[in-house]
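Take the two lone chains, each set in its own frame, and fit them into one complex as the hints suggest.
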Amino acid sequence: MTSTLGLSADLPLALAVVAFVVAAAGLVLLVLEARRRRAKGWPAVVATGLASALLALAALLRPVVVRSRGSSVGPKVVVLVDRSRSMLLPGDGGGTRDAAAAKALEGLARATRQARVSLFGFGEGAPSAFEGVAASPARAGRSDLVRAARELFAASDERPRALVVVSDGRLTGGGAEALRRVLEGGDSVGALPPVHAVSVARREPRDASLRAIRFAGTAVAHQPFQLTIEVGCGGGLSCESLPVTVRELLDGAPPTLLATGAARVTDGQGSLATTVTLDRAGPRLVEVTLGAPAGDELPENDRRVFAVDVARERVRVLHVAGRPTYDVRALRTWLKANASVDVVAFFILRSNQDDVMAGESELALIKFPVDELFTEHLPSFDAVILQDFNAIPYGLSQYLGNLAKYVESGGGLVMVGGPDAFLGGGYDGTPLERALPVDLDGAAEQPAFDLGDVVPRVTAAGAAAPVLGPLRALLDELPPMPGANLVGAPKPGSLVLWEHPTRRTRAGQPMPLLTLGETGDGRAVAIALDGAHRLGFSEAAAKVAGRGHGALWDGLLGWLMRDPRFEPARVETAGACVAGEPTSLRVMPLPGTQGTVTVEVTSTEAGRPVERRSAELPPGDRGVELAVGPLPAGGYLAKVRVGSGSTTRHAFACEKGGDEWADSRPDEGLLRGLAEATGGTFRRADEVDALPLPPPTHVSAERSVAPVLPAWLWTLGAAVALGAHWIARRRAGLA
Amino acid sequence: MVRSALTLVARVLARAAPALGALGLVAAFPSTEARAFGDEGAFHPRVLLTGTSRWEGARKTGPRQWSWELGRRTSAPARLTPATVRADASALLAEPFAIWAGQGPVSPLSGPEIEGLRKFLLVGGILLVDDAAPETGQFGREARRELGRVLPEGVALPLPEGHVVYHSFYLLDRAFGRVEGPKTLDAIVRGGTAQVLFSSHDLLGALARDPGGAPTFPVVPRGEWQRERVTRLSVNIAMYVLCSTYKDDQVHAPALMRRRSGDRGP
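Top line first, the protein sequences correspond to chains P and S.
Heads up: the first sequence runs through residues 494 to 1228, numbered per the numbering used here.
Heads up: the second sequence runs through residues 635 to 900, numbered per the numbering used here.
Isolated chain S (complex conformation) (with noise of 0.2 Å):
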């Protein structure tokens, strides 16, 4: 209850703030009961801790802005105060979509934490694997050497510009983050849905800020346009997330095809 009154307040906050700034005005919202009630069904970009890991340090408030962009950017609400969860925690499997980010060396992962991810991956979890260091790439390395272990089977590939995942909400035509990075995201694919999303992109990093409000890390090498874009990617992982292949649905496809001549950046 505590926990979708701050998602009830936080979402107002988001909401109202273009319309603070503009109009010195706030905007009419349903009850607030309505939105507590409604939240339960949030996305939710939880940080999964491995080992004795702990989510800390400046890519700590990018979920949370993540989450807010969201509720600012879209109708899906989103929780503002995202938790952890340990891999081999029963709540894992509580919700359906959890980010795996960090640096360096990711310690071998034990028998329940394989035996948690494998089940959140059966019953359909996404999770997303975010390198916050992509410049040695280790993390990212050595994350796929331990989903291998959790996912034989699964190899990652990389998504191609027509995913779904580059227009579940906003058109774009690469994946972004902190730096430029690969043009894609990789994934592994099971049963038609990128169960598994890799970026080495620092993701987390671009979205970041200090307690000010400031970014927290700078992005380069295009600066403020990419970290629009990097804004506009976590989106649509959101939205791929809440509403899978929805955008590829026969019915948008006209639309779409026509507005595909549009942003190819500055």
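Just chain P, same shape as in the assembly (with noise of 0.2 Å):
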């Protein structure tokens, strides 16, 4: 119970100082008066006076005794803990900085005993409740200062009189300024608060690191584009040139070495300005390592692997057909006509057994550069289409091995029958044969083709799969067309979407006709048949404008391309994947997809699948999530299968420590600037005992007022003392 006097609450406050200010001037106008007139018995006049006043003020203002029962609140204090990786970097004392902000937060909970303290952990998104260093590990891949407080203001109902932020100030999305005004921004009636730094590490760590990586625009396939790599170095390391090298991470394929160079540190960073060329579109890995000097405490961060969406400006094909026909015609046609594709063709006019009758000279024919197409100038193309092609005459055999490599690598080939295709062209046993997505299970007694004229059967697969869909749109029926190449069984993997309706492989299967299939980095089509043409020209065809040839090739070209629009679901990595954690894929499939989403995650440094993970889809295109981790560190390419349709690809990266380890330096001055900007102090993280914070509230649960005296009394008093200061007056001389 606490008691205080106060005056009438019925009385405006400017009339209490009118009064005071009239009772005053009053008692001066009496001394002075006394003392002018050096009057006899003045101090008897002057006590009275002074009496009488009083007395006539608390008749005005009549006072009054407050009494009230309550409690002290403490103030509302939150607290910010960085939950980025960095804060698993090492510390001061040989652990990490964690270990430092758990002492912190000991010595906090002594220094906050009086106040209402919200602990929070602070890093990519909204801060979330913490709950100790060990239930809330450190994961984050960021640690958003700005964020997480403009979340926090904007959730909170009661504005807390001070923050406190636990970190190594090594903080991402913007420092001083960029908080205090989202401090500012909330703040409408009362004072900022401060916001405390705490410091969990001052020691450099003896480290040499990319600090950062950054492009110049954006990555077109087959264009080069400039990468600046930013390297540190410090800690006490000797580092004045740093060796950096950039490769492309591939699918069951050596790496490409895409450059090479040093940095040169001065004051302790250094960068390289390099130039790389990607071939493939799509996402591709590159991977950066650094070769770091002896010393080196954090070798993580030393090799940086992440993923690049490389654009693609025009696809550039390569056409290759092994003698001029009406199928030839109809593709060349399609592929000059699409603005979006840059054609290089090689057509074979004029073969050895031909008698041209005219010399050289007088021929439109050159010769065809075999060697120069499938060695130097191979990877640039996006696809190769080999067409009813021959490759023992030309001299392709021996670059076979080129082009399967080529494929693995991330091309494209498409193989279109023919008299010359497949196993008439001799590619039985060659190291294409291990591109396609069909076997070439040829036998001396098997002939290489069926004569019938035949009208595919489209499959399952066929029927649902998005690389027709702009074939099936046009044409309800295939026409007949002639004759067919002889195929073996689809290989693993492999889609088929057509099939010959009563030709089977020798494994029983229908035969397949159009087979799509992955290999390493790459993706094939086999086209066991020469009349697609009839797409384009026939009877059938000429119902819908002879369109039916392009939409077909539109959608194998696309799903060569990895273009979207044929691709059966979109992939993502949900959130950054962290080197031996759990990592999960974000699958959304096409609408009114159904069936089981099929991932199986292949590492590019071992070469070979490391996860397989199936799941069922929900109803309603939902999509599904499925658990792929922990992987360690490097590239990762997901294929992902939706129900039996094709294949589609997703490259992602898992590193240990990612942008929060780039700069393992701490950042103290950063957490000084803090401070300093919102009128908080920058205390290390022993020293947080001494945290001045506010002081606590006194709240009332029950008050009650009663006047000093009646107000009569008052009066009565007033009367009296001026009764007797007019008696003094008298006696005094006074008038």
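I should point out that these hints are in silico values taken from the structure, not numbers from a laboratory.
Yeah, the Cβ is synthetic: ideal placement off N, Cα and C, and Gly gets one too.
It is possible that some hints are incorrect.
To be verified - Below, simulated DSS-like cross-link-like pairs (lysine-lysine); rule was C-alpha separation at most 27 Å, straight line:
hint	chain 1	residue 1	chain 2	residue 2
1	S	LYS694	S	LYS817
2	P	LYS1132	P	LYS1149
3	S	LYS753	P	LYS1036
4	S	LYS694	P	LYS829
5	P	LYS860	P	LYS898
What the hints assert, rightly or not - With beta-carbon atoms standing in for the labels, derived distance ranges:
hint	chain 1	residue 1	chain 2	residue 2	range
6	S	VAL823	P	ASP946	34 to 40 Å
7	P	ASN845	S	VAL854	32 to 38 Å
8	P	ASP835	S	PRO845	48 to 54 Å
Encoded structure:
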């Protein structure tokens, strides 16, 4: 219970002030009058005057006694603890920064006994409840304090009276000024809450690292782009020049060296600007490695792996045909008419058996540049189409290994049927056979062709495949086609879209006619027909103005180039993949897709699948999330199949520290800046006991008000005192 | 199937003829099935018939000779028993090439014939109009008149010397036929493609053979040299049909430019 004196609440404050002023002025005049006249007995005059003035004031203001019962409430203090991965880096005393944070929090608990403390962890998004360093591990790939403060202020009804930030200072998403703006934005009535910064580390580790990797512009296939690699070296390591290597990581093929160089280090930092060219479009994995000197404490940040989404300006296609036919004509016409395709064509117009009846100078023929095409220029193409082409007579046989590697490294391949394709072209048993999506299990007694007209039968997968969507939209049924190449069974993982209605493979399956498959990083299409031109030129085709042929190739080339329109699903990593920690992939299939989602994750380092997961798609096109971790650090390619459809691919990298470990130095300067900008204080982890926090607030629960004396008594006293004053004045000879 | 087999035999004969003559040997070829299978997409110089016309007379062997020469000289497969196709038949849309040849008056095209030809050209077909009597030019003029009804927006213009049809296989500096005629072919070009070619030279007349294999018509004024150029032009036209602008691709241009100073005739 507490008691305080006050004035009656029914008088305005201004009137009370006027009364005080009038009373004080009267007293002053009285003293001056008494002294000027040197009146006898003036002290009695002054004393009675003072008494009458005070009593008159009391009669007017009627003082009261306020008695209240209540409690003391501590100030609201929010403690934000850095939960980014940089807190796992070495701290000052041999432990991690997170361990130092744990000690700081113990000290804070003592220092904030009188306060109402809310503990949150901050990292990538909204702050989350912090339950201790073990229960709330430091996993975030960012340490965005500004975002955390914004979210906190937006969600909280009661503004905190102070913020305490426990961090190593390696923050992302804005510094002191940005934080100050956030705090001011929420402050409409009160003062800016101070931010007290608690540093958990000051020692700089002995570390050379890749601090940042930046692109200039957009990565476009076949076009060089600049890569700026920033390196750092500190903690006493001796670094003058740090070697850097840039490679592209591939599935099923060795990495491709993109660039090498050395970054010269001055004052602990340096950079290297280099130019790299990625030939394949789509998500590609790039690895940058740093040759760190001996004594480097953190080898994990000497290597960065990241996915680059390589755009494509135009699809570069190499079209090689063994002889000109209407099928070749149809394909060339489509390729040339397609503004997004840049085609380089080589057709064999004359064989060794042909008698041209003219000298070389009279011919518009050039030698088929097989050497240049399939060695030097091969990587510059996005896709190679071998149409009815016999590898043996034109010297391609020796380059089939190159071509297979090209596909495994991400290139696209289409083999189109005809007498000189598949078995007829001598591809059986060659290195290229391994890149094809069908087996070529030819035998001496087996013919290479089936001569009967065939209407390809669309398989269940073909009826649903997005790749055939444009053709399905035009034609309900396929026209008869003249004969087919004999091929073997589809390879595991391949997808048969059209099959022969009567022919069987040796294993007894329907013989595939149109098959899609993946080999390493690349894709391949096998069309065991040479009559696809009938989709453009036939009675049936004329009903849709011959657009069927283009629709087929639009889908096939689009699928080959991983055009999202023809992919069965969209795949993304749910959050960042952190090495050694749970990771999951989010698979969003095309609307209406049903069945089982199968994910196979291949490590580019190991060159083999390391995870296989499957799950049933829930109803309602909601997609599914599949756990695929924990995975070691490195580059990964996830092949995702939905139902019995084709696969799609997602490239992703898992890193131990990622951006958070790129620069391992703690930043106390930034923490000091935060504190100064907001009127807070800076403390180290072992100094938090002295943190200045706001005082508690008293909250009343019960309150009573009673007058000191009744008003009539004050009035009576004032009248008596005034009478005594009059008598005293008369005796003193005053008027 | 029968047609394929016939094509095969003819092609083998075509290829083997020089070897037989020179060496008395038959060259080795891939399996017979292979050629039959692939020949479905072979060049096929079909003869277009309109009204009540029929394909008969001394030029009847011209298309076959065209195919034979193409098969002998190039890797392109060709049908050695060319068929006829009526302008109003749905079969016109089965393949992308036809020849409209004749002499004398042309009867007006019927509605279905106009529609058939229009569809044929709409889906990318190529039509060669060959005037067998360029001396009078009546067929050429009246065919142009009728094609004007099929493609009202189409205008036939001379194909300049640099057009790909003059260097799609052989390097030629002008058009040839049974008669010397104008230096160029005319064409209605649509979407960058010369879809209707006009020859005022009697191309099929120079190609035609009698039952003994001898040329049916004399070629004037340059005799057999000119007949060889007619064959070369026909090969070029076939290659243009099969490969369109292939020889205009940038990759071929430098080599062809170097050779341009070549053959200019005797």
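Structure-based check of all given hints:
1. LYS694(S) - LYS817(S): holds, 25 Å
2. LYS1132(P) - LYS1149(P): holds, 23 Å
3. LYS753(S) - LYS1036(P): holds, 9 Å
4. LYS694(S) - LYS829(P): With a Cα-Cα distance of about 35 Å, the restraint between LYS694(S) and LYS829(P) is violated, given a limit of 27 Å.
5. LYS860(P) - LYS898(P): holds, 25 Å
6. VAL823(S) - ASP946(P): 34 to 40 Å: holds, 35 Å
7. ASN845(P) - VAL854(S): 32 to 38 Å: For VAL854(S) against ASN845(P), whose Cβ atoms are near 36 Å apart, the range 32 to 38 Å holds.
8. ASP835(P) - PRO845(S): 48 to 54 Å: holds, 51 Å
Consistency with the previously given hints fails for number 4 only.
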